[in-house]
Amino acid sequence: MLPRYILKRLLGAVPTLLILITIAFFMIRIAPGGPFDEDKALPPEILANLEAKYDLDQPLVVQYLRYLGSVLRGDLGPSFQYTDFTVNELIAEGFPVSLQLGGTALLLALVFGVAIGTIAAWRQNTRLDYALMGSAMTGIAIPNFVLAPLLILVFAVYLGWLPAGGWGGGAAGNMVLPVIALALPYMAYVARLTRGSMVETLRSDFVRTARAKGLPEWKILCKHSLKVGLLPVVSYLGPAAAAILTGSVVIEQIFGLPGLGRYFVQGALNRDYTLVMGVVIVIGVLIVVFNLIVDVIYALIDPRIRYE
Amino acid sequence: MSTQTGTIPSFDHAAAASGRSLWQLAWRRLRRNRAAVGAAIVLGFIGLMVLFGPLLSPHGYAEPHWDRISDPPALATGHYFGTDSIGRDLFVRTMHGGRISLMVGLIATGVALLIGVAWGAIAGFVGGRVDNLMMRIVDILYALPFMFLVILLMVVFGRNILLIFVAIGSYIWLDMARIVRGQTLSLRQKEFVEAAQALGVRSRVIIWRHIVPNLLGIVAVYLTLTVPRVILVESFLSFLGLGVQEPSTSWGALVSAGAQDMESAPWGLFFPAAFLAATLFCLNFLGDGLRDALDPKDR
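Taken in sequence, the protein lines are chains F and W. Position 12 of the first sequence, counting from 1, maps to 11 under numbering that gives the first Met the number 0, and the rest follow consecutively. Position 28 of the second sequence, counting from 1, maps to 27 under numbering that gives the first Met the number 0, and the rest follow consecutively.
Quick caveat, the hints were computed from the structure, so don't treat them as lab data. Just so it is clear, the structure is predicted and the values come from calculations on it, not from any experiment. Honestly, I wouldn't trust all of these hints.
[As the list claims (entries may be wrong)] Calculated cross-link-like contacts (lysine-lysine; reagent style DSBU-like; alpha-carbon spacing at most 30 Å): (1) K189/W / K222/F; (2) K189/W / K212/F; (3) K212/F / K222/F; (4) K226/F / K189/W; (5) K218/F / K189/W.
Put together the whole structure using the sequences plus the hints.
The following block contains the structure:
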């Protein structure tokens, strides 16, 4: 049943992405401002030439159909702002960086978040629980743009243990601080969600049965309860993974990293239409794929879940 | 036969609701939870401060004092929290910013609660094509460029604080919908739902009376995570110049302004951050208290 479901969902991804591209395309174009707005208005002849070069003088529907055609051929078009690059090149350059950073951060957030949440639920309403959840809440309350400079100040400026920024070709030392700054809020989210759901799970009948037959506590926690208790975390991970893997503007700016996140905000502010569309498509594909994985994991952790 | 029909026990919802209802029990248990009650009291205090705090100060939130730029906190000058880089009183600004942040937090979270729970529960319970359609809509909304939505809303309706609520609310319910749907997929297969279906209870009633109450625990936890997210999204929008407009402010905007001068004028970061953190801590403990109180197994 499951392979058929996966195939159906993958086929369903095509119209989903098509609708996404259509809505995003027109939304971006209807928004006021254009890619060639500058403090000093361009002479009309130059503007007309520029617009003709990028097909912007055509009716919107024609532009849309041409764009769709080139996307289907795998060509995301030229960037308006980075004039020497195509969007494909920009994404091919930025995405691996975001992927490496985001993947490491995601793994870190998942492992520590689940562990912290499980321990807190296991010792519910004790001092240990309050301390763990208190620190998790601190992690959520401190915004990225405060945490990242603080980390740089302590570990790079005062202690001098790690570089303050830069990518260094993905050297381990350069990754430590941005990964921590990126992972901490997600870790806190995962910990809170895990605790909430584990508290409920640890009260269910099957856990009582497992205790009654004398199973060791770690086995009850790790083998029996976590499987059920992780359900909300898995739900949260689909969109969270897509978000974390496409990079964070704030982190990339503060640490000076060449990732994908900055393109989204810069592209939006500069009306770099093709660049924004390219990033939207990358995010869309990731979301479709991760949410499909999430739905498959549901069926694996709870065999009663059916999708017909 | 005809005499028998009268004795078949029918499931009477009115009778089931009387006695100790879920909400009465929950309220009783919540009041016994000391951490939750303490958190509620502190939250109430913060709410009062935010509403009436500016009356305690001789200064306004927008008036600059050019002779007192980046003053440290002092009782003598009436600048209890110091002043910012153009000499505006930070005590009044923190209270004023709290109104915006708390309002954004409450309204957007309310939207997330209403739409997210209904959307997720219906998609998860009905399943099949309806589920597929509803969740694909969520996928599309996730991937849409949020900033263009904000820019568009502003162009169409003009710059307005209400728009920020709408924009954030329209985006923040998506996570809630996914989490609720995931839980519902699992709950739908439980024995008590099967029993209700066997009794002929209508789907709408099953969702409302059997599915939703079982979701409340994780919903309460996720709500306490949504409020800080909303407040931070708002600060990000303000940072880009799309959120609240100077001289008006919010906690997020104050924290990000304070973070820029955190070495020379740490009070600019400390006080708004402390209020933000205190609010989030209290929401956290209140949320956990609510979760415990709503847990039907915990009598």
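Given the hinted pair K212/F and K222/F, is their Cα-Cα distance within 30 Å? Within the cut-off at roughly 15 Å; holds.
Given hint K189/W paired with K226/F - CA-CA distance at most 30 Å: Holds: K226/F and K189/W sit about 16 Å apart, inside 30 Å.
For the pair supplied as a hint, K218/F and K189/W, confirm whether the alpha-carbon distance does not exceed 30 Å. holds, 24 Å
K189/W and K212/F: Cα distance at most 30 Å? With a Cα-Cα distance of about 24 Å, the restraint between K189/W and K212/F holds, given a limit of 30 Å.
Would the pair K189/W and K222/F pass a check requiring their Cα atoms to be no farther apart than 30 Å? holds, 21 Å
Violated hints for the displayed structure: none, as all numbered hints are satisfied.
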